[in-house]
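Protein chains in written order, with the numbering used here: chain A, 1 to 327; chain B, 1001 to 1327; chain C, 2001 to 2340; chain D, 3001 to 3340.
There's no promise every hint is true.
Derived Cβ-Cβ restraints for the label pairs, each shown as a range [stated by the list, open to error]: (1) B:1047 - C:2054: 32 to 40 angstroms; (2) B:1196 - D:3044: 33 to 41 angstroms; (3) C:2048 - A:74: 56 to 64 angstroms; (4) D:3127 - B:1047: 29 to 37 angstroms; (5) A:257 - B:1020: 56 to 64 angstroms; (6) A:184 - B:1284: 53 to 61 angstroms; (7) D:3339 - A:284: 50 to 58 angstroms; (8) B:1326 - A:257: 24 to 32 angstroms; (9) C:2154 - D:3048: 32 to 40 angstroms; (10) B:1196 - D:3031: 52 to 60 angstroms; (11) C:2330 - A:74: 25 to 33 angstroms; (12) B:1232 - A:199: 24 to 32 angstroms.
Treat the hints as calculated values from the structure; they're not laboratory data. From the three backbone atoms N, C-alpha and C, an ideal C-beta is built for every residue, glycine too.
These are the residues of each chain, in order.
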Amino acid sequence: MRKTTFIQAVNEAMRDEMRRDESVFLIGEDIGHYGGLFRVTRNLMEEFGERRVIDTPISEQGFMGMAVGAAMVGLRPIVELMYMDFFLVCADQIFNQAAKMHYMTGGLLHVPMVIRGQQGGGKRYGSQHSSSVESTFAQFPGIKVVAPATPYDAKGLLISAIRDDNPVLFLEHKMLYFTRGDMPDAEEEYTVPIGKADIKREGKDLTIATFSYTLLQALEAAEELKAEHGIDIEVVDLRSITPLDMETVLTSVAKTGRLLAVHESQANAGIGAEIVARAYEEAPYLLKAPARRLGMAPASIPVSKPLEEELLPWKTNIKAAVLEMMR
Amino acid sequence: MRKTTFIQAVNEAMRDEMRRDESVFLIGEDIGHYGGLFRVTRNLMEEFGERRVIDTPISEQGFMGMAVGAAMVGLRPIVELMYMDFFLVCADQIFNQAAKMHYMTGGLLHVPMVIRGQQGGGKRYGSQHSSSVESTFAQFPGIKVVAPATPYDAKGLLISAIRDDNPVLFLEHKMLYFTRGDMPDAEEEYTVPIGKADIKREGKDLTIATFSYTLLQALEAAEELKAEHGIDIEVVDLRSITPLDMETVLTSVAKTGRLLAVHESQANAGIGAEIVARAYEEAPYLLKAPARRLGMAPASIPVSKPLEEELLPWKTNIKAAVLEMMR
Amino acid sequence: MAEPSLKASVPSAKAAVAEPAAVLSTEQLLPMYRMMFLIRRVEESLLELAESGKIGGAMHTAIGHEGAAVGMAAALRKDDYLTCTYRGHHHSLARGMDPKRAICEVLGKAPGFAKGKGGSMHFLDPSLGLMGANGIVGAQVPHAAGMALASKIRGEDRIAITFFGDGALYQGLMHETFNMAQKWKLPVIFYCENNRYSEMTPISRTSSVSDIYQFVRAYGMESVQIDGNDVEVVYDAISKAAERARAGEGPTFIEGVTYRLAGHMAGDLETYRTAEEIEMQRAYEPLTQLHQKLLDRGVSEEELNKIRAEVEEEVQEAVEYALEAPWPDIAEAYTDVYKV
Amino acid sequence: MAEPSLKASVPSAKAAVAEPAAVLSTEQLLPMYRMMFLIRRVEESLLELAESGKIGGAMHTAIGHEGAAVGMAAALRKDDYLTCTYRGHHHSLARGMDPKRAICEVLGKAPGFAKGKGGSMHFLDPSLGLMGANGIVGAQVPHAAGMALASKIRGEDRIAITFFGDGALYQGLMHETFNMAQKWKLPVIFYCENNRYSEMTPISRTSSVSDIYQFVRAYGMESVQIDGNDVEVVYDAISKAAERARAGEGPTFIEGVTYRLAGHMAGDLETYRTAEEIEMQRAYEPLTQLHQKLLDRGVSEEELNKIRAEVEEEVQEAVEYALEAPWPDIAEAYTDVYKV
Ligand SMILES: Cc1ncc(C[n+]2csc(CCOP(=O)(O)OP(=O)(O)O)c2C)c(N)n1
Ligand SMILES: Cc1ncc(C[n+]2csc(CCOP(=O)(O)OP(=O)(O)O)c2C)c(N)n1
Ligand SMILES: [Mg+2]
Ligand SMILES: [Mg+2]
C-alpha cells in the first residue's frame, strides 16, 4: 500500500489508460506544456507527445465539439474543463450532441468520451468559478456522472469512465486535490464500477447519502455528532450520480429509517430532491422521519470567506440538518 | 369578454408594454420582417420599427449577451429563442451572466430582461427541438421562470415579466399556441403576479400540481378519472416555477392528502422532485399517501409519433400515476 | 439597421462561377443526373406527404441544392466522413442511402435507418461515412473537424467534409473550429451552401461580411467561391480540396453559391421573397443546368426521359413502402439512451 | 501541432508602434504617471497579500498593462460604458475607483464596492461607467456591445469600450459580436490587450491568426495595431475610435500590444517563460516609458519621486484600512439574489 494525492490518482488513471489504449487522448486548455492549471495532467505531454495531449485555444465549444466528433468515430477523448462552470459555454455540445447522440441516431452512433475537471466552493473563487454541476448534468439522460471522494475511487472510476462507451462527466472537487489516501501499487490494475455506491461509515440512526467533497464533510460531521450527541450516522458514498445506486441507499435506510441527501450543487431541483423523491417512490415505508436533502443555498458563491462558508452545505450545516431530523 | 389564441395573448402583451414603455425592445431571429417562425411577434416591426424589433443573425451567444448588456444599463430587452432547446448554445450568458449579475455585483447591477419562446413535445420535432427546460432553469437562482397555460395568464404574466427587474424566463408550449381562451377587452390592463399559483379545478381526493401544457392534460385526465373512477382531482396551476408557490400547493394537499407533481421536463432532478422534497420538508403530516412526481421519461424525444406519445407525461401517463396512487 | 434591397442581395448564381469546368465524362455525368433527379423527386414527395399531415416537426428540403451533394459524392471516397445540417437528405441520398429507409425515417417508421427516432433532421448512416445531420445550426462543424483530428491522430488518410449554410457562419463555434482546423492542418473541407437566406431572413440583412469565402482569410485558410449549382464545378473544387487535405496541407473553405427553390421548411409561408425571384433562379438550378449540359454533349432527351421514368417508379415504390411500413415497437422509446 | 519558438512569438512591443505620438501636454501626463504608479503599487501590494494567504481564489494583476487603462481613462468620458476581463483592477482604478474599496473587495471585506461578494474578478462601479469585469473569457464583450446598442436605441452619445485579451479572440461569441456591432454600426470600441499569452500558453501555439488586428477585417471593421505600453499612443487611438463611434461611424478594433510582467494569476509557476524574456520586456513597459518621456520633457526626477512617495503612502493606508475593515454581515450571504 502507498498513499497518493487525489491529483496523482487522476493523473495515474489517464497515464495508465493512455498506455493501454492508443485511442485515448487528452484535449483542453494549458494541459500539455504547462501540465494543467491544477497540474492534473502534468508529465502526460512529455510521455505521450503533442499528438495525444492537445493544448487548445480558449474555444470550449469548438474543442468539445471536436472531441464529440472524434468519439463518434471511435477515439476516446478526455476533455478537461478548467473550471466546471465553463460547461455553460459549451453546453450544446455536451447535452444536445454528446448526450443525445446515441438515442437520436437509433443506436447507430455512440460517444465514448470523458469530460473532467474541478468544481466546487471553499477557495474563494466566487460566483463564476465555484459552481457544482452534478445536478444539472443529472437532468440529461445519455450522459453518466461520477464524483469520487477518495484517491482510490478517483483512479478506479476514471478508468471505468474512460472505458465506458458513453459520455461520462468525471467531477473533481478543488478541495479534494491535495487530500491523500491509500492506493494499491502503481502496477496493480483495478477499476471501480460506475453506478455502485459505497458505505464509507456504518451507523444505525440516520443515513447520509452524499459524494465528492461533502462526503468528507459528512464524515467529520458524523464523528462530531457521535461525540457530542451520541448520534450514529451511516455515510453512503454515492460516487455515481447517474446512474444512481438507490439500492444501496435504501438498504441503508432500511437499517436507519432516516435519510439525508447532501450535495454542493443547488438544492432547488437538485439531485438531493431526486433522492428524496425516489425514496418515497420506491420504499416510503422504510422512513421513520421525513427524508431531507441539503444542497447549496439559493445564491451564487460569493468571494468573501464568511459568506461562502455560510452558504455551503458543509459540516456545520450538515450537523444542523441532522439535529433537526433527530428531534 | 372576447376569446384569443395563446399566440395573440403573448403578442398583445409585448405590444402593450412596448407602447407603454420606450425601454422595451425585442431581439431575436426572424422576429421582425417575418414576424417570428411561430408568428408570435407579427406586426410588431411594423408598429415599432427596426430600432425596437431587431432581426439578428444566428448568434444566440452574441445577442443574448447584448441583451444582458442593454439590460444592465436599464433597457428591457425581450429575447426570443426560436426553440428553447437553443438555450444550451447561449447558456453562459443566461446563467453565469444574467442570473448571477445582481448577486456578484453586490446589488449594484440588475438585469431586467425576458427570455421567451416555445418548447415542448407533441409535434414530432425530435430530440433537439422538443425539450422542456423549466427544471434546468430552476437550478439557477437569480432568474425567475414562468410557464402559463391559458391566454389570460400568458398575457398577464408576460406583462409582469417585462416589468420585473430580474431576468425572467417566459415559457410557451408549442401545443398551446392555437388554444383559445377568454380575455378582458384589449384596452383593459391587467397583470398576473409572478409566483402565485391558481386552482384551475377543485377536487378533494388528490392534488395535481402542474403548469403549461401538462395542465391541460391534467384537466382532461381529471375529467376522465372522475367519469371512469369517481376520483375527484384538484388541479393547481403553478404558473410560476421560480418562485414556487408551495403555499397554494400545500393548502390544496391539506384538503386532499395526496400530491402528484407533473411536468414535461425530465423527471430526474426535476421540479417535480423538488415539489415532493418541499412537501416533506414543509408539511409531511399532510400526506396520506406518498407524494409522487411524473416527468419526461429518461430519453430524449424521438420523432416517431407513437414513441413520442409513449414518453411524454401526458393524459394516459397522468391517469396511470393517479390510479397507482389511489390504490 | 437599414434593410438593403432584397434584389441586390440575390446575385445570380452564374456570377459566382469561379472557373468553367468540363472535368467529367458524359458516362460519369449520367448517373449523377439520375441521382440528382432522384433526390429531387424524393424531396418533392416528402413535401407532399408533409402537406397531407403525415410528417410532423421540421422538415427541410434541399430542392435546388442537389449540385453540392452529387458533386461531393463523386469527388470523395465512400469512407470519408461527412456531417451536415438538418437540410441533409440530399447528401445522404447522394452517398447511397436507400430512399425507402430514408422516407421511413422521415415518417418515423420502423425501417428508418434510425428506427424513426431521428427523423428528417438527423439523417445518417455510418456505413456510408454519413456521420450525422444536425438540428443545431453549426454543431456538426466541429464534429467533422474532430473526425479529421481522429484521422490525423490515427495516421489514416480518411478526410472529413462538413456542410453548413450561410447563416451558420455567425455561430461562434464555426470560428473556433476554423482556427483550430487551420492551426492543426486538419484534413477537413468546410463547404458552405450559400443560398442567401437564413430561414426567412436574407443573409445580407444580418451579415457584415460581403464575401463569405473571404471570411476565413484571417486564419490563412485556403478558400474559394464557386457555382454550387454546377455539379462539375463542385466536383472539381471538392476534389482539389480533398487532395490538399490528404496531402496534409490542411483545410479548405468552399463557398458554393446556390439557391433554395422550396421554402425553408415544409409550411414556410415564403412571404420574404417574390415569385419572380424564385423564377429567375430556376434558370440556374442544378438539375436544369445538368440537363442542358447533357443535351449539349449530345445525350438525347429520350435517354434522359428514360432515366427520369425509372426514378419516378423507384420513388413511387419507396413512398408506398414507407407508408405501409410498421411503426417502431413501443419498447424502442426506452432503448438507446445508453450504449450497453 | 509543432511548437513555434517562444522567442519568435514575443516581438518587442516597440516594433508595434503604429505612429509615434506626442499628443498630451506634460501637465496632462503627470497625473497619468501618478495613476499608473498607483495602479502598479496597489497590484504589487495585492500580490503580497495573496502570498500571505489573505486572498483566495483567482487574482490576476495587470502589471505591465497599465498603459491601456490610463490612456483609456484620459480619452473617454466619465459616463462612457466600460466592461473588461477578470484582469480589471487597472481599468477601475484609472477610472477613479477608490483604492481602499478596491482592496477591501479583493479581500472580501464589507466596504468593498460589492460588499466583498464579487472580489478581484468582478470589479465594477456603475457610477464611474464601470459596468463589470467578468470571470468568463469573452463574456463581457457582447455586454459592451449591448450597452452601445442601448445608446443607439435611446439616441444618446454615450459610447462603450470593452477590454479583452489575445486569448479571448478564440471564443466564438467575440466573432458573433463583431459581426453585429459592425452591421449595426454600434458605438463600441473593442480593445485587445495583446500580452502574447493566454494563461500559460503563448498565443502563437494555438492561434492561426498572425496579425490580431487583421482579425476583424472580414467584417469590414476599422482596426489598428498600436503600442499598448505607450500611454499617449493609447490615448490617441482610443480618442480617434471614440470620435468615430460618437459620429455614428461604428466600432473600431484596437490591438494594443503589451506584456504581462507578473504571472497570469497569483500563484502562477511561470514555467512557460524565461526570466530573460521578462527582463527584455521591462525596457518597454508603460511606467518605464512614461518615466523616461517625462524626464525627456524636462520634468525632474525629484518631482516624480515626490509623486511616487505620495502614492506609496496612499496605498499603504489603503492596505491597512482594508486589513482592518470588517467582514460583511452574514445575512449578506442571502441578499441580492433577486432585485426586489
Ligand atoms: C443554434 C440554432 N439557432 C437557430 C436555429 C433555427 N434555425 C434552423 S435553420 C436556421 C437558418 C439556417 O440558415 P443557413 O445556415 O443559411 O442554412 P439554410 O437553412 O439556408 O440551409 C435557423 C435560424 C437552430 N436550428 N439552431
Ligand atoms: C470560457 C472560459 N474559458 C477559460 C477560462 C480560464 N481562463 C481564464 S483567463 C484565461 C486566459 C485568457 O487569456 P487572454 O484572453 O489572452 O487574457 P490575459 O489573461 O492574457 O489578459 C483562461 C483560459 C475562463 N475564465 N473562461
Ligand atoms: Mg442559407
Ligand atoms: Mg493574453
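Evaluated hints:
Judged by the Cβ atoms, the range 32 to 40 angstroms given for residue 1047 of chain B and residue 2054 of chain C holds: they are separated by roughly 38 angstroms. The given range of 33 to 41 angstroms is broken by residue 1196 of chain B and residue 3044 of chain D, whose C-beta atoms sit roughly 54 angstroms from each other. For the pair residue 2048 of chain C and residue 74 of chain A, the supplied restraint of 56 to 64 angstroms is violated, since their beta-carbon distance comes to about 39 angstroms. The given range of 29 to 37 angstroms is respected by residue 3127 of chain D and residue 1047 of chain B, whose C-beta atoms sit roughly 36 angstroms from each other.
The given range of 56 to 64 angstroms is respected by residue 257 of chain A and residue 1020 of chain B, whose C-beta atoms sit roughly 57 angstroms from each other. The beta-carbon spacing between residue 184 of chain A and residue 1284 of chain B, approximately 45 angstroms, falls outside the hinted interval of 53 to 61 angstroms. Residue 3339 of chain D and residue 284 of chain A have their C-beta atoms about 40 angstroms apart, which leaves the hinted 50 to 58 angstroms range violated. Between residue 1326 of chain B and residue 257 of chain A the Cβ separation comes to about 26 angstroms, which falls inside the hinted range of 24 to 32 angstroms.
With their beta carbons about 51 angstroms apart, residue 2154 of chain C and residue 3048 of chain D fall outside the hinted range of 32 to 40 angstroms. At about 56 angstroms, the CB distance of residue 1196 of chain B to residue 3031 of chain D agrees with the hint of 52 to 60 angstroms. For residue 2330 of chain C and residue 74 of chain A, the Cβ-Cβ distance of about 31 angstroms falls inside the hinted range of 25 to 33 angstroms, so the restraint holds. The supplied range of 24 to 32 angstroms is broken by residue 1232 of chain B and residue 199 of chain A, whose beta-carbon atoms lie about 45 angstroms from each other.
The structure shown violates the earlier hints numbered 2, 3, 6, 7, 9, 12.
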